[in-house]
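Protein chains in written order, with numbering that gives the first Met the number 0: chain A, 0 to 306; chain B, 0 to 266.
Possibly wrong hints are sitting among the right ones.
The calculated DMTMM-like cross-link candidates involving lysine to aspartate or glutamate, where the alpha carbons are at most 20 Å apart (straight line), are [as the list claims (entries may be wrong)]:
1) B:K80 with B:D105
2) A:K159 with A:E105
3) B:K259 with B:D208
4) B:K243 with A:E78
5) B:K30 with A:D6
6) A:K159 with A:E118
7) A:K159 with A:D181
8) A:K202 with B:D208
9) A:K159 with A:D6
Since the hints were made in silico from the structure, they are not lab data.
These numbers come from a predicted model, not from an experiment.
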Amino acid sequence: MVDMSVDLGGLAMRTPVATASGTFGYGREYEGLVDYSALGAVTAKGVRMSPWPGNPAPRHVEVPGGMINAIGLQGPGAEHFVKWTLPRVRALGVPVIANVWGGSAEEYAQAAAILDAAEGVAAIEMNVSCPNVKEGGHTFGSSPQTLAATVRAVRPAVRKPLIVKLAPNVPDFAPYLKALEDEGADAVSMINTMPAMAIDIEKRRPVLGNRTGGLSGRCIHPVAVKAVYDAHRASRLPILAMGGVYGPEDAIELMLAGATAVAVGTATFTDPRTAERVAAGIAAYCGRHGFAAAREITGALQEQDPC
Amino acid sequence: MKCDELCTVASATAIGGGYSMLLLDAPAISKEVAPGQFVHVRVPALAESDLRRPFSVFDARGGRIEILFKSVGRGSELLAKVRPGDRMRVAGPLGRGFPDPAPGADALLVAGGYGVAPLHFLSARLKEKGFAGRIVLFAGGRTAADLLQLDRFAALGVECRTATDDGSAGAKGLVTVPLDAALEECRRSGRPFELFACGPGGMLKAVADRAMALGAPGWISMDRHMACGVGACFACTVKTRDPKGGVANARCCVNGPVFKAAELVWD
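So here's chain A without its partners, still in its complex pose (with noise of 0.2 Å):
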């Protein structure tokens, strides 16, 4: 029996998969579709201090290999969710990782403390890459300055564990994971979405409402697979690997390359169990290589010096 739990930066997962915010709305709404026992948290979709009405449509639109999405960040507002959706996803009895951001680094601190205190949040996560909205989300993470100060205002507020999710569209992951060592989040999420565009070239317009957006789904699984190789090398913080997740194999891969724990996104709009799939394959993959524990895979890559 592969023991299959690990601990991401304080926050005890029973399977190394989440399901990623943003993709699996505020827990609830996969019920029927999921098994959620097989799942090791569920990261709800991102919410600020107000409610807030998202991007124009469309809002989506298919790419090969995936999807750009421009939600904006559409939410009822951390009050509302703790007081009204919480509740209902805590009897679903997984973890819940409340996902936070705001237009100013006070605000972060503001709605991350009402996540905090609510009972049902097992862990918090800061969205400072959103690349979708103009005021708040990737602009807190844009420099590691702007990250540090944000993380440094939220820090106090939250006792719980603090994972930051990043971007991928930085040269040099180092000086953004010494910001958050140096501040003290517990863990980092990655890779938030890829700023992408599409355009409509009959009509000579841009087929999103917000006119760009951000990439999800294979096709960038392999930008994971480096950034997640990159900040592993680079930093002790746990790292939860999100990216183009769509079977076992991707999970293996960004584990290798130094994940403690990954999370399904796009993956489960066409086959919503895919979370569960991942987390069976991690386990039989465990069996076949003689790991004893899904934890031993992390960082477990074997690398010859090139030459």
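With the hints as your guide, set chain B onto chain A.
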């Protein structure tokens, strides 16, 4: 409760004009699905990273569901090529469907092209329940080839009035030509009625406008590209009035696809 059922194709029939009828063995969904709800189909030949495709249900009986669709893009073109015995994952039933019309009211159904699908299912269920009012279908299309499955409506005892852009069948012009004549009859006779619509956006707005103007209940089935189909991703939004008088972004997949005419805000 919705489920993700592995369905076998019982029959797949091209019915001309780029339209197809698909009959799927779907015992669980067939038992639960209500008129106006939809299913989210994983089209077998699409890539693993391609999204599912949503389809209204045309009919559900005997453990099977029927889907009427037009090949309009990559997904529906590939779905038109499935053969009996092929299997595919189908999630459903999803979304909020049509309510029954109030007792004593007539049901006026307005369809454009393959928009007849959920209205056929509604007609079939109303007849099964012994609905006492009149059911009239107003079907529109570009040509006679876009007036679909009228024999199936006729077999249910539904009166069909038609219009085509080119005049090749029924009245020449939009479906609002026969619809407006009937609404005038209703106005004169004072008979209560409810409007049920599925079809292109312009037609839906025309029906919603009439429902609002006449103070009649209007039930509008909206069509959007979807990603998750279950309310998780917020991609398929439809503009609606919020209770405070502003505009909200409702999710077509869970708040709809059927909306009250009075709720909708049109661009």
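Each hint tested on the structure:
no.: 1; hint: B:K80 with B:D105; in the structure: violated (39 Å)
no.: 2; hint: A:K159 with A:E105; in the structure: holds (18 Å)
no.: 3; hint: B:K259 with B:D208; in the structure: holds (11 Å)
no.: 4; hint: B:K243 with A:E78; in the structure: holds (19 Å)
no.: 5; hint: B:K30 with A:D6; in the structure: violated (43 Å)
no.: 6; hint: A:K159 with A:E118; in the structure: holds (11 Å)
no.: 7; hint: A:K159 with A:D181; in the structure: holds (17 Å)
no.: 8; hint: A:K202 with B:D208; in the structure: violated (28 Å)
no.: 9; hint: A:K159 with A:D6; in the structure: holds (13 Å)
In this structure, the earlier hints numbered 1, 5, 8 are contradicted, and the remaining ones agree with it.
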